[in-house]
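S.K.: Each chain, written out:
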Amino acid sequence: MAKRVLVKGNEAICMGALAAGCKFYFGYPITPQNDIPEYMSAHMPEVGGTFIQAESEVASINMLLGAAATGARAMTSSSSPGISLKQEGISYLCGSEVPGVVVNMSRSGPGLGGIHPSQGDYFQSTRGGGHGDYRVLVLAPSTAQENYDLTMLAFDLADKYRNPVMILGDALIGNIKEPVELKPYRRKIKPKDWALTGAHRRPRRIVKSLFLADGELTDHNWRLYKKYQRMAKETRFENYRADDAKLVLVAFGSVGRILKTSVDMLREKGLAVGLLRPITVYPFPHQAVQEAAERTGHLMVVELNTGQMVEDVRLAVEGRAPVDFYGRPPGSIPTPNELAKEVAKVWRKRGLQ
Amino acid sequence: MAKRVLVKGNEAICMGALAAGCKFYFGYPITPQNDIPEYMSAHMPEVGGTFIQAESEVASINMLLGAAATGARAMTSSSSPGISLKQEGISYLCGSEVPGVVVNMSRSGPGLGGIHPSQGDYFQSTRGGGHGDYRVLVLAPSTAQENYDLTMLAFDLADKYRNPVMILGDALIGNIKEPVELKPYRRKIKPKDWALTGAHRRPRRIVKSLFLADGELTDHNWRLYKKYQRMAKETRFENYRADDAKLVLVAFGSVGRILKTSVDMLREKGLAVGLLRPITVYPFPHQAVQEAAERTGHLMVVELNTGQMVEDVRLAVEGRAPVDFYGRPPGSIPTPNELAKEVAKVWRKRGLQ
Amino acid sequence: MSPQKKTTVKMKKVFDRPKSMTKKPYHYCPGCHHGVIHRMLAEQIDAYGLKGKTIGVASVGCSVLLYDYFDTDVVEAPHGRAPAVATGAKRAQPENFVFTYQGDGDLAAIGTAEIIHAANRGEKITVIFVNNAVFGMTGGQMAPTTLVGQVTTTSPQGRQVATAGPPIRVAEMLATLDGAAYVARVAVNNIKNYKVAEKALKRAIDFQLDGVGFAFVEFLSSCPTNWKMTPQEANARVANEMIAQFPLGVYKDILAAA
Amino acid sequence: MSPQKKTTVKMKKVFDRPKSMTKKPYHYCPGCHHGVIHRMLAEQIDAYGLKGKTIGVASVGCSVLLYDYFDTDVVEAPHGRAPAVATGAKRAQPENFVFTYQGDGDLAAIGTAEIIHAANRGEKITVIFVNNAVFGMTGGQMAPTTLVGQVTTTSPQGRQVATAGPPIRVAEMLATLDGAAYVARVAVNNIKNYKVAEKALKRAIDFQLDGVGFAFVEFLSSCPTNWKMTPQEANARVANEMIAQFPLGVYKDILAAA
Amino acid sequence: MYFDVIFAGFGGQGVMLMGNMLSVAGMHAGKQITYMPVYGVEMRGGTANCTVVVSDRPVGSPVVHEPVCAVVMNRPSAEKFAPRVLKKGMVLVNASLVDPKYVKARTKKVIYVPCLELATEVGNPRLGNMIMLGALCQASGVLDVEQVVKALPKALDQRYHKMIPINTEALRRGGRFVAEL
Amino acid sequence: MYFDVIFAGFGGQGVMLMGNMLSVAGMHAGKQITYMPVYGVEMRGGTANCTVVVSDRPVGSPVVHEPVCAVVMNRPSAEKFAPRVLKKGMVLVNASLVDPKYVKARTKKVIYVPCLELATEVGNPRLGNMIMLGALCQASGVLDVEQVVKALPKALDQRYHKMIPINTEALRRGGRFVAEL
Amino acid sequence: MPKVVVQKELCKGCGLCVDACPTKNLAMGQRVNAQGYAYVVWDKKAKCTGCAICGRLCPDIALRIYKEERK
Amino acid sequence: MPKVVVQKELCKGCGLCVDACPTKNLAMGQRVNAQGYAYVVWDKKAKCTGCAICGRLCPDIALRIYKEERK
Ligand SMILES: Cc1ncc(C[n+]2csc(CCOP(=O)(O)OP(=O)(O)O)c2C)c(N)n1
Ligand SMILES: Cc1ncc(C[n+]2csc(CCOP(=O)(O)OP(=O)(O)O)c2C)c(N)n1
Ligand code: SF4
Ligand code: SF4
Ligand code: SF4
Ligand code: SF4
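Protein chains in written order, with my numbering: chain A, 1189 to 1541; chain B, 1189 to 1541; chain C, 12 to 269; chain D, 12 to 269; chain E, 18 to 198; chain F, 18 to 198; chain G, 233 to 303; chain H, 233 to 303.
Take these hints with a grain of salt, some might be off.
To be verified - As a list, the in silico BS3-like pairs of lysine-lysine whose alpha-carbon atoms are at most 30 angstroms apart:
#1 H:K299 / D:K34
#2 F:K171 / D:K239
#3 G:K276 / C:K34
#4 D:K203 / H:K277
#5 E:K104 / A:K1457
#6 G:K279 / C:K24
#7 E:K125 / E:K105
Said to hold, decoys possible - Covered stretches of chain A, as calculated for chain B (at least 3 residues, CB under 8 angstroms):
#8 1282-1291
#9 1508-1518
Stated by the list, open to error - Not close to chain C: a few residues of chain A, all C-beta gaps over 10 angstroms, as computed:
#10 A1190
#11 R1192
#12 A1207
#13 L1370
#14 P1391
#15 Y1416
#16 Q1475
#17 E1482
#18 A1532
#19 K1533
Please keep in mind that the hints were generated in silico from the structure rather than gathered at the bench. Values in this document were obtained by computation on a predicted structure and should not be read as measured data. Quick reminder that beta carbons are idealized off the backbone N, C-alpha and C, glycines included.
My request is simple: use the sequences and hints to build the entire structure.
M.R.: This is the structure in structure tokens:
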């Protein structure tokens, strides 16, 4: 049986990464994810891996580019302001099709903001905060176990699509401690026929994002576009008491899990509410949301911001059902009661019974 | 009568900025906007202003933060990769409510990409590529004259809302030369009662984005949110032969103007098409788009990317009308004929006459 | 001694909180030198009568709440970017005294490019650099200035030169720049060093007020909390290990040289 | 001389395009030293037998198309970040020879922090720094190394020390870092300097192959196009003005010092 | 079975360790656990608290506004958290530092534990937190004191293992104190 | 009135200046103008071209795929742009560098201008572009040669003003060449 | 005679002033302030010269110092 | 006798080799290559020592140099 340990969310990510064969970590401290570099600094040497505390977030994403270009599994992590600084690098990773895992334990903004949990980086993650038309796969864990599992998955998806994958957590997801079952990583890592290892007995290889020949860049962008379309099959989500619900809540990450308790509370009071929790926020579970809208006729989005994912929900629903929204900017953590009250308001407003 | 001069789009921006009393320019070279720092280096000293070629884009946005925090009108400019690097700074400007003008003469991405015109930075500009829940006003000029006019407006809006304003052009908008009527700037610049000028005979002032006291950050974010809502009244757009159109195209900036020629071509062939060109892309002309959808029943979005603004259109339309899309990743400039053909295809597909 | 005729004895306050500081108690840990350095700077602001013509540029680090203590105009810079922010502020308000206050993570890691170029452009600003060999605010991670072998939360085996390199000596590096006018390293671990530090700080202010150029004072500082030491032990580390690695002195003074 | 018995005279190629280069003609302007520096490096890659164990890190500047010319594995770094990319690559592939090739905009402006910290960490990489005192690729804007008074497209009045500071001497600055193992400045404007340059380059490769540490060679280079000079005039500027501002020499060699 | 508790106090009172230890012990007892630390807004000093949820089913919210139980180690914590405890819940108060007049609770079940005195009694005045944890287990029944004792080797870092006997004693002393009330 | 033209050639042939000068002159003649430069994909060397649209109405697209007119100064430009010119349009070819066999146009109106020879004739072999611009005006009627001449002081940088007379001569010579065809 | 006033709510009991005083006039106190810190006391006043070294090296500006002034 | 072969399509006519040759064996040519550059010619061959200095200083690797080999 897999070992069960009580670990912090941040550490679960590290454990998942190490299990998945990540041998390179580059990062720069920032609250609330410092456990990640700290854990890596202690444990990377044990597995013969490399830990570098970079001079900045910009440097660390570029170290990742260098290591991953050689085919190594590599990770970097930061929190909101630091992730902003990585945007150019992420765009380069996408443009030159280099895999890598980027963790954002996001905190509240804008600017320096504060260290409370926040979902204010949803747009940045799912639309690409950097320049150009690109996408990163974004996984949004809600438990320490998911931190562990999804980090392993992140490395696989990164390699599969030669694309960066982001883990989008927040101060809550990073700091809670929960038991985690340390399932062993069993997938085989395929050799990479594009990686830079020295052109010994083979033609040389180039990893780049500059395309100058006529039409070359257009083609490259189309190819990337098709790849992003293919990623749709990686869509993951969880339904919680949603089957017979008359009002389905849509929420991810920390709010997603808090809402489960709210759902239980409301169910006890006889309100048939359920939850659809996107696990991948890019690709977004458009179809599941659409089905939920059609099935129930009423959706409600809850976010720890003033309205970002709600756009994806509205895009999926396209007017088929009303989409209510409760958003709350960061600065404190909403409790299940508070959220239950907001849901109940919508329930009444929409005349549901 | 105002002087009429033939100038490059990039230069028109500089002229607009100088006319509007911009005395501080900070930038770092990058094609296709080098005319801007070059012009500023030559002309800022003439007006007693400051030109600094910063060590990087990161430094330049922060120099702007410093100068603008003292109440001065200040500008920075760059192109896509450089704008990615400014995202943290832009988030800080929003968070600490410091006005300033940021020009993005965008080029093709992702990564190094190329120097062709591109609209791949639409998401980044309109959703905030940095961290946290914030918005910048985004003006999308399509002629050299608009470059001039909208830059003057940008400074006014920045001051009015104490928020950064972005000019989103591209390699085409920056490099075309056209006659520009140098209308004088007549608005009065109001004194800023929050600016840092030394606490002489007044209480000291603080410009910051860190809010630690309980609930303070939440309140701050709500206040910002309400401000962004208020910005809706700055929405600007242009209708071109749209009144009697049966199919309305939606496009901004360079593609917007190229499409005007396509519209003329198609009209000559008897196809009743028109164009709605958002001039502000944030705030987006939701209502105008919605009305166009209701009036005509058919919209088509054309972008120099694989689909970004089309989301705003779909969000506005909410299923009321079909929204077709023609997207083209950067790498070349589409001609009016090519676009006309694509429009005609949709016209036929939708059975319009 | 010899009796004096008709002397009135009155108590005069000879030492108190500077006028340019607020009444707010520091949030710093017991024994942390940030408090001393703040006060020393505020005293000079008082002495030069600059309270009404100062713009402070706060950085991100334990001193991020600088504006809670300095009763002057303050702008908060993103982590590492204080020299760029100060450049903008000083160019726009040349008649104001503009200072940055930065830790070693802020100035010597993420903000390396900004400090070097502000120095080299000869920006007329005064930079207070607080080198405590650790990232304090974020919980004691390794800094570029962390001593060899020093245990931090990201160098649990002690800083290894082989993988992390040796500590960077910022003052020495900046002194090589032609644009830098005044560069000194000081400490406040005892009264002797304190007095030298005060002199250096004054000169760094003079350099700005007289329009001479970029002035930089590196303060060796302690971080008892993250060094996991008592304030006394921490002061001893400054005296013994820090000063050995980061020798005190004036590394550049273009007026003295001339 | 004395007649020799039975000598076969055969023509032997003594100079040609290095094996580790592709056949592609350079896109560089006439007289630009980038071409010489490329070839010198490729010759050494040949000489050391490194073609099959090299990872080149290209930067953004006129030499962004490096991969068109070097027939080795190449990764393209974002502007200024080549030392960080090389750090990642070298740590992951320690048995490969990893070099960066960077201009003065790339290395001394936007990439200041990355080069300083790669040097200080003692990354076992070889950095080729091409200092032509101007941003070539983007059309001749001022660089951190632009000479005082030099006219560029962003210093139309000539570089003014008062507003832009003096040129930065990168080799001198890096040499102050304990982590840097080898730092030299060379030129290729004439054969004498060329030969010294070649020696320095070899040593910078040795330092990596022998695992000694970070090695840095600054090449003074010309940019006839943006200097608005003939190649001859440009070479003369290197000889006269550039070398005066940026003296040639070995600024650090930890093995020689030991 | 569902139980949640907020531990609150000054920075140095070992509040986080209490939460941690309960969590580890709970996990080893086969429960679902979530431990959620909250630090004061100030970076340095200030108060700290953490919430632990122990349940038989997966834990939804790690955040609890009205807990089943609050353990308050100093006055500000007592003022803040005691009133929030559910009517059917309980409050454990560090009697060595908190005057009963600051404890305003809806529940009647308020237990005053003289942590300092009891800890001094077992030989280490700094173990007030272990006293309290023992008291909590005994009072709430969330776990057996002995379940916590059993988990000590897992919950404490190797270098503190020599402290296990005295910690054990403190836990039991706290438990006994409640049992004997 | 609507006219568009693509000027194309090697980097050093003054192709951009031609476009610029036509634009300035057009503006001073009260027209709407758009000038759009396109540089080769390579950063250094390579070919360059620009498109100028002159119109009475605001100009929509600055990009023209099938122009009314193409001015081709070298062989690659001739091969690329001549075939694109509208059937009713015209092509002006730099006869000094381009062999007619490389000019494949749909239009019959192809004018060969011996730029180098005529420029040498007026005294400066580098003024082939001015010869060509004069020829273009004359052949297309988009503007009067004299309108361009009048605009020279505005179109040329102050420091080249001493070159106005010789430029004037070159423009007129080009115009005359076409007039005399 | 000079006078040193300890602002007890500001003192964090770091003890640096105790070490710094050349004539050893300060000592760690027994009492704890609202912050929970045992604050310093200026008790052995005899030798105090009012040099203010303690004040200068106190990180928390917890000492206020008076000196006699002769007119 | 040594031999210098000018690869005329690579030569950009910068003239640096002309200056560099210690015995002045190279000269700017009159003819223009496909790129439009007047390429260099190795004509005054008499004094060429095959030192390859021209080759080393040629930015465009346009010179290939042969030397006699005695066996
Ligand atoms: C872009 C960004 N990266 C990282 C951080 C997190 N951070 C805050 S302070 C700090 C370093 C603090 O160390 P130092 O500058 O030495 O100051 P000290 O706290 O020691 O006084 C870091 C890494 C941040 N706020 N922003
Ligand atoms: C983030 C970013 N900023 C700016 C640029 C534009 N850019 C490309 S190369 C360059 C500088 C080139 O100068 P240098 O490094 O000195 O090399 P050279 O061209 O002179 O060889 C700049 C600023 C870019 N590509 N990316
Ligand atoms: S953590 Fe260190 S630097 Fe920060 S206040 Fe405490 S002692 Fe000072
Ligand atoms: S622009 Fe300058 S650096 Fe670039 S290729 Fe030309 S001469 Fe060389
Ligand atoms: S130095 Fe200040 S804070 Fe420390 S014990 Fe003395 S008075 Fe108190
Ligand atoms: S140096 Fe090379 S490119 Fe220059 S003229 Fe000589 S052969 Fe030609």
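S.K.: Against chain C, does A:A1207 keep a CB gap of more than 10 angstroms to every residue?
M.R.: For A:A1207, whose nearest Cβ neighbour in chain C is about 21 angstroms away, the distance exceeds 10 angstroms, so it holds.
S.K.: Straight-line Cα separation of E:K104 and A:K1457 no greater than 30 angstroms?
M.R.: holds (19 angstroms)
S.K.: Does G:K276 pair with C:K34 here, judged by a C-alpha cut-off of 30 angstroms?
M.R.: It holds: about 28 angstroms lies between the C-alpha atoms, which stays within 30 angstroms.
S.K.: Does the claim that A:L1370 lies off the interface hold, with its Cβ farther than 10 angstroms from every Cβ of chain C?
M.R.: For A:L1370, whose nearest Cβ neighbour in chain C is about 22 angstroms away, the distance exceeds 10 angstroms, so it holds.
S.K.: Just want to verify: A:P1391 was marked as not at the interface with chain C; is every Cβ pair farther apart than 10 angstroms?
M.R.: Holds: least Cβ distance 34 angstroms, greater than 10 angstroms.
S.K.: Does C:K24 lie within 30 angstroms of G:K279 when you go C-alpha to C-alpha?
M.R.: holds (18 angstroms)
S.K.: Was A:Y1416 rightly flagged as not at the interface, with every chain C Cβ beyond 10 angstroms?
M.R.: The assertion about A:Y1416 holds, with a minimum of 31 angstroms to chain C.
S.K.: Under the criterion that the straight-line Cα-Cα distance not exceed 30 angstroms, is the pair H:K299, D:K34 satisfied?
M.R.: Given pair H:K299, D:K34 holds - Cα atoms ~23 angstroms apart, limit 30 angstroms.
S.K.: Counting residues of the stretch 1508-1518 of chain A that have a beta-carbon nearer than 8 angstroms to any beta-carbon of chain B, does the count reach 3?
M.R.: holds (count 4)
S.K.: Against chain C, does A:R1192 keep a CB gap of more than 10 angstroms to every residue?
M.R.: holds (25 angstroms)
S.K.: Confirm or reject the statement that A:A1532 sits farther than 10 angstroms, beta carbon to beta carbon, from all of chain C.
M.R.: Holds, since 40 angstroms exceeds 10 angstroms.
S.K.: For A:K1533, is the shortest beta carbon distance to chain C beyond 10 angstroms?
M.R.: A:K1533 clear of chain C: closest Cβ-Cβ about 37 angstroms, beyond 10 angstroms.
The structure meets every hint from the earlier list without exception.
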